[in-house]
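Undergrad: Under the UniProt record's numbering, the first residue of the sequence shown carries the number 1, and numbering increases by one thereafter.
Hints may be right or wrong, so weigh each one.
Unchecked claim - Below, simulated DSS-like cross-link-like pairs (lysine-lysine); rule was C-alpha separation at most 30 Å, straight line:
no. : residue 1 : residue 2
1   : Lys101    : Lys115
2   : Lys105    : Lys115
3   : Lys105    : Lys122
Claimed, not checked - Ranges of calculated distance between the beta carbons of each label pair, as one might list FRET restraints:
no. : residue 1 : residue 2 : range
4   : Arg208    : Glu136    : 53 to 63 Å
5   : Arg229    : Ala250    : 47 to 57 Å
6   : Leu174    : Arg215    : 44 to 54 Å
7   : Ala144    : Gln227    : 36 to 46 Å
8   : Arg229    : Gln254    : 29 to 39 Å
9   : Leu174    : Leu199    : 37 to 47 Å
10  : Glu183    : Arg207    : 58 to 68 Å
11  : Gly219    : Glu136    : 54 to 64 Å
12  : Met249    : Gln227    : 28 to 38 Å
13  : Arg87     : Glu123    : 43 to 53 Å
14  : Glu222    : Leu174    : 28 to 38 Å
15  : Leu138    : Arg207    : 54 to 64 Å
16  : Leu104    : Glu134    : 55 to 65 Å
17  : Gly171    : Glu221    : 19 to 29 Å
Note that these hints are calculated values from the structure, not bench results.
Heads up, the beta-carbon is just placed ideally off N, CA and C, and yes, glycines get one too.
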Amino acid sequence: MVTPAAKNTWRVANAANAAVTTAATARTPAAKGGASAVKKTPGASRGDPSAALKAGGKVTPTPSKGLPSDKVHPPARSKPAAGSKPRQPQPPAKRRPASLKGQLKSQIAELQRQKRQFLQRKEEERRRRIREREEERLRRVREAELRRLAAERARKRAAEDRAEVRRIADGLVLDVERRVETEAETGVPYGVRECVESLAARVDARRRAEESAARERAGREERIRAQRRARELARQRQQQQQLAHASVMAQQQQQQLAHAAVMRQRQMMAMMNDGYSPSLMSRPLDPSMPMHTA
1 MVTPAAKNTW
11 RVANAANAAV
21 TTAATARTPA
31 AKGGASAVKK
41 TPGASRGDPS
51 AALKAGGKVT
61 PTPSKGLPSD
71 KVHPPARSKP
81 AAGSKPRQPQ
91 PPAKRRPASL
101 KGQLKSQIAE
111 LQRQKRQFLQ
121 RKEEERRRRI
131 REREEERLRR
141 VREAELRRLA
151 AERARKRAAE
161 DRAEVRRIAD
171 GLVLDVERRV
181 ETEAETGVPY
191 GVRECVESLA
201 ARVDARRRAE
211 ESAARERAGR
221 EERIRAQRRA
231 RELARQRQQQ
241 QQLAHASVMA
251 QQQQQQLAHA
261 AVMRQRQMMA
271 MMNDGYSPSL
281 MSRPLDPSMP
291 MHTA
């Protein structure tokens, strides 16, 4: 059951709410134009607290259209407006102390990172050892191949040396047999004849070498002379071409000068026929001036 004191308190609160609502709607454009958003009740203007209750309970205003609270706030500007104070730097916020769980997580992450780095180093070391072993194997194979080739060359050289020694020995045997036969046929000791033949062969070889050197020197000098003649002919031909070009250019220049003199004379004659003064004739020719023929 509602007591009279509670009813009185309720009436006073509703009356105050109605008064505040009426004062707020009085500032709207609708209120200025004469159209009230709140239904007027008898006794409301006289401040009767029970007038609003008799009219139907609590009075609720219609949404206003001119209140500052109804306006949509513009978005925040990325740059400060002109004339506004610069934003003061705020001190960094204090970090909350890490919890035990967070510390454990960070330690676990650090251990995992160290584990990954350790495994990566181990993998790199393993690959490096494999690469070094492969390089060492290839080096040994290459050295073995080089040793095999050297041994093969040594065997071939030894076989060639043995063949050369055998050939020389056979030659010595044949030489001794020939010497014995020659001495038996001619009666001249083989040593004197061998010396004469060796001296004649040496003289003949020197003569052939001198002739070959002379032919080579003559051929080289002939080639040098031919190159000089070719260069001289090319230089003379170039000079002739330059002289011909210069003469052609000189003829063209003379023709241009002669043509210019003829044209100037014709222009002067035309100006004299037209009655121009000598002062005008002393001026330079104007290409745009019409030409007159006598």
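Undergrad: None of the hints should be skipped; say for each whether it holds.
TA: Results of checking the hints against the structure:
1. Under the criterion of a C-alpha separation no larger than 30 Å, the hint pairing lysine 101 with lysine 115 is consistent with the structure, at around 21 Å.
2. Between the alpha carbons of lysine 105 and lysine 115 the distance comes to roughly 15 Å, so the proposed pair stays at or under 30 Å and holds.
3. Between lysine 105 and lysine 122 the alpha-carbon distance is near 25 Å, which keeps this suggested pair within the 30 Å criterion.
4. Separation of arginine 208 from glutamate 136 is about 59 Å and conforms to the stated range, judged on CB atoms against 53 to 63 Å.
5. Remark: the range hint 47 to 57 Å for arginine 229 to alanine 250 is contradicted by a beta-carbon distance near 31 Å.
6. In this structure the hint that leucine 174 and arginine 215 lie 44 to 54 Å apart at CB is violated, the actual value being about 36 Å.
7. For alanine 144 and glutamine 227, the hinted distance range of 36 to 46 Å is not satisfied, since their beta carbons lie about 56 Å from each other.
8. As the Cβ distance of arginine 229 to glutamine 254 is approximately 37 Å, the hint placing it in 29 to 39 Å holds.
9. For the hinted restraint 37 to 47 Å between leucine 174 and leucine 199, the CB-CB distance of approximately 22 Å leaves it violated.
10. Distance hint check for glutamate 183 and arginine 207: the Cβ-Cβ separation is about 30 Å, which falls outside the suggested range of 58 to 68 Å.
11. In this structure the hint that glycine 219 and glutamate 136 lie 54 to 64 Å apart at CB holds, the actual value being about 58 Å.
12. The hinted range of 28 to 38 Å is satisfied by methionine 249 and glutamine 227, whose Cβ atoms lie roughly 33 Å apart.
13. Range check, arginine 87 to glutamate 123: about 52 Å between beta-carbon atoms, so the 43 to 53 Å window is met.
14. Checking the proposed 28 to 38 Å range against glutamate 222 and leucine 174 shows it is violated: the Cβ atoms sit about 46 Å from each other.
15. Taken as a hint, the range 54 to 64 Å holds for the pair leucine 138 and arginine 207, whose Cβ atoms sit roughly 59 Å apart.
16. A beta carbon spacing of about 45 Å between leucine 104 and glutamate 134 contradicts the range 55 to 65 Å that was offered as a hint.
17. Taking 19 to 29 Å as the suggested C-beta distance range, the pair glycine 171 and glutamate 221 does not conform, at roughly 43 Å.
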